[in-house]
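Based on these hints, arrange chain B on the given structure of chain A.
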Amino acid sequence: MPPVLRRFMRNPRAVVGLAICLGVSLVAVFAPHLTREDPEYIDFGKLSQRLERPGVSTPLGRDNFGRDLYSRIVMGTRVSLGVGVSAVLLGMFVGTLLGLLAGFYGGWIDEVIMRTTDVLYAFPAILLALALVAALGPSLTNLVLAISFVSVPGFARVMRGSTVAVRSSEMVEAARATGVGPLRIVVRYVLPNALTPTIVFAAISLASALLTEAGLSFLGLGVQPPTPSWGGILAEGREFLRTAPFMTNFAGLAILVTVVGFNLLGDGIRDVLDPRNGG
Amino acid sequence: MTVFVVRRLLALVPVLLGVSTVVFFILHLTPGDPAQMMLGDYATREAVEQLRKEMGLDRPLYVQYGIFVADVARGDLGRSITQRQPVRVLIGQRLVATAELALAAMFIALLVGITLGVLAAVNRGWLDYLITTVSLLGVSAPVFYLGLLLIMLFSVQLEAFPVSGRGGPLLPAIGALFTGDPQPLLTALRHLFLPALTLGLSFSALIARMTRATMLEVLGQDFIRTARAKGLNARLTVLKHALRNAGIPLLTIVGLQLSGLLGGSVLTETVFAWPGLGRLAVDAIFARDFPLVQGTVLTVALIFVLMNLLVDALYGLVDPRVSYA
Chain A
1 MPPVLRRFMR NPRAVVGLAI CLGVSLVAVF APHLTREDPE YIDFGKLSQR
51 LERPGVSTPL GRDNFGRDLY SRIVMGTRVS LGVGVSAVLL GMFVGTLLGL
101 LAGFYGGWID EVIMRTTDVL YAFPAILLAL ALVAALGPSL TNLVLAISFV
151 SVPGFARVMR GSTVAVRSSE MVEAARATGV GPLRIVVRYV LPNALTPTIV
201 FAAISLASAL LTEAGLSFLG LGVQPPTPSW GGILAEGREF LRTAPFMTNF
251 AGLAILVTVV GFNLLGDGIR DVLDPRNGG
Chain B
1 MTVFVVRRLL ALVPVLLGVS TVVFFILHLT PGDPAQMMLG DYATREAVEQ
51 LRKEMGLDRP LYVQYGIFVA DVARGDLGRS ITQRQPVRVL IGQRLVATAE
101 LALAAMFIAL LVGITLGVLA AVNRGWLDYL ITTVSLLGVS APVFYLGLLL
151 IMLFSVQLEA FPVSGRGGPL LPAIGALFTG DPQPLLTALR HLFLPALTLG
201 LSFSALIARM TRATMLEVLG QDFIRTARAK GLNARLTVLK HALRNAGIPL
251 LTIVGLQLSG LLGGSVLTET VFAWPGLGRL AVDAIFARDF PLVQGTVLTV
301 ALIFVLMNLL VDALYGLVDP RVSYA
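Just so you know, the protein sequences line up as chains A and B, in that order. Under the numbering used here, think of the first position of the first sequence as 1, with each following residue one higher. Under the numbering used here, think of the first position of the second sequence as 1, with each following residue one higher.
Here chain A stands alone, though its shape is the one from the complex (with noise of 0.2 Å):
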């Protein structure tokens, strides 16, 4: 095992936070296998049970249609880790890319890209993506499209420290000497100084637009009913508050779980890989 990995495996947040990373994507890929129900069909005849509390038939119990919350809130891990992910994947490309090219251009570009990514960093997260939803319509399109808006400045930022760092480096000045192209400077000698805090901020990302989703949904202005999502689930449950608090508990864990898991295994790739921590 090479010893980075080693020192990963020792590492008891990061291994913990790879677990629950691991599980929940395979519930998000395997979903819809592992549904009981139609999570988002309203069966007239189990109307009746609306609200049933979880037990041996219902293991987390139905919602206020009587649809089966267990197969909700599975499928629900799909739409909400889609989103996530595809937001900060598109995000992280949009923000790299101008990063990299303020980082390693500087001048007017480098001014111009920053000076927006300040005036983006103005703005509440939660609040940007819901005017951004707000203008663009609620569409699942549209909700990815405004949670990748959002963290395109961190990413950008991440990658214009690492760029800056290594420009003006011996190895990049004799790359550049022996008439190594741009193109084959960046692949070689950026990209890779530059890979770990981008896979750190991307945990961490991943956790925030979970949250922004969540969020967003909440609010009514993210993924729209029928489908579920974890955040439209707990808002739906807000109402029976008093009657079913299991709707609003599951939905909740649901995230909290999740983000957790982001979060650790965020901070244990960063304590790994930092060269600070002995190894």
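These are computed hints drawn from the structure, not numbers from a lab.
If you want the footprint, here are the derived chain B segments under chain A, 3+ residues with CB under 8 Å: (1) 16-24; (2) 133-139; (3) 151-165; (4) 273-285; (5) 292-304.
Label pairs and their computed distance ranges (CB to CB): (6) A:Y105 - B:R235: 51 to 57 Å; (7) A:Y105 - B:Y62: 27 to 33 Å; (8) A:P2 - B:L256: 34 to 40 Å; (9) B:D181 - A:L89: 54 to 60 Å; (10) A:P226 - B:D33: 26 to 32 Å; (11) A:P2 - B:R7: 49 to 55 Å; (12) A:V164 - B:H28: 31 to 37 Å; (13) A:R115 - B:V89: 30 to 36 Å; (14) B:D33 - A:G106: 37 to 43 Å; (15) A:A165 - B:R124: 30 to 36 Å; (16) A:P12 - B:G66: 54 to 60 Å; (17) B:R235 - A:R6: 37 to 43 Å.
Cβ-to-Cβ under 7 Å is the rule here; a few derived chain B residues that face chain A: (18) P142; (19) F144; (20) Y145; (21) G263; (22) L267.
Here a beta-carbon is modelled for each residue, glycine too, at the ideal position from N, C-alpha and C.
Frame of chain A; chain B shown alone:
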């Protein structure tokens, strides 16, 4: 100091111009006609044209942008479509409620967060483990879920605090206290308690994590070892030497995370039906009241930028080495 503040205020101009530009373009470069969206699918063409003219949407985009920026610079945020009142007036009415909530939450967050962070950094062991775990849960829990949990506990189970609404403005209530009537203040505080606790606890988890990390860094430095070697009282070392030196990085981080607090207030205000700025923004978004959306989003961004300026000015109080010359 004055020179510093003036210079920083001038530096805000381009940022605020950028912020207004972003807000303007988010709502104007979107597919669909805002007037049509506001009136719905069944509006007559005449009604839509009328509203377009009223909102200035019939002019070229760059003219609209110029007018918008000039208006914002004069402090004119336009008129709300749904409420038929100047946006500035509507925001003014809500600003105090949000300020009450945010300040109370900040107080709770700093008190709980710094205490837990210092305790965790000083007592490495089970206490550190416990605090680290709790604060991890705290930063990972959606603020609206935390709010609902607190409602379940304090309002549904214990029936101790009201579920929603504001019990009247705080300042006049404090005034009434001097005339011998404590009732308004009690009502106001009872309503403020749950939302402030929700937002405060959520933010305190973040502050606890930051405090712990910063304190650990400072506690590992030479001057702390010197202080300890001199036989200085352990508590004094931590509080006077370490915490004070952790102050600057901590202040920076807290300042940058203030947008999280403002964002969290949007959700908290929705959970508790708190009549603040965040709630106003959400309502405006649902009503497709574009001038009101622009105004509220712009105001929240302005508050964030100004609070960061305040944080920078506070550096001097925390660290006497910082000069503003």
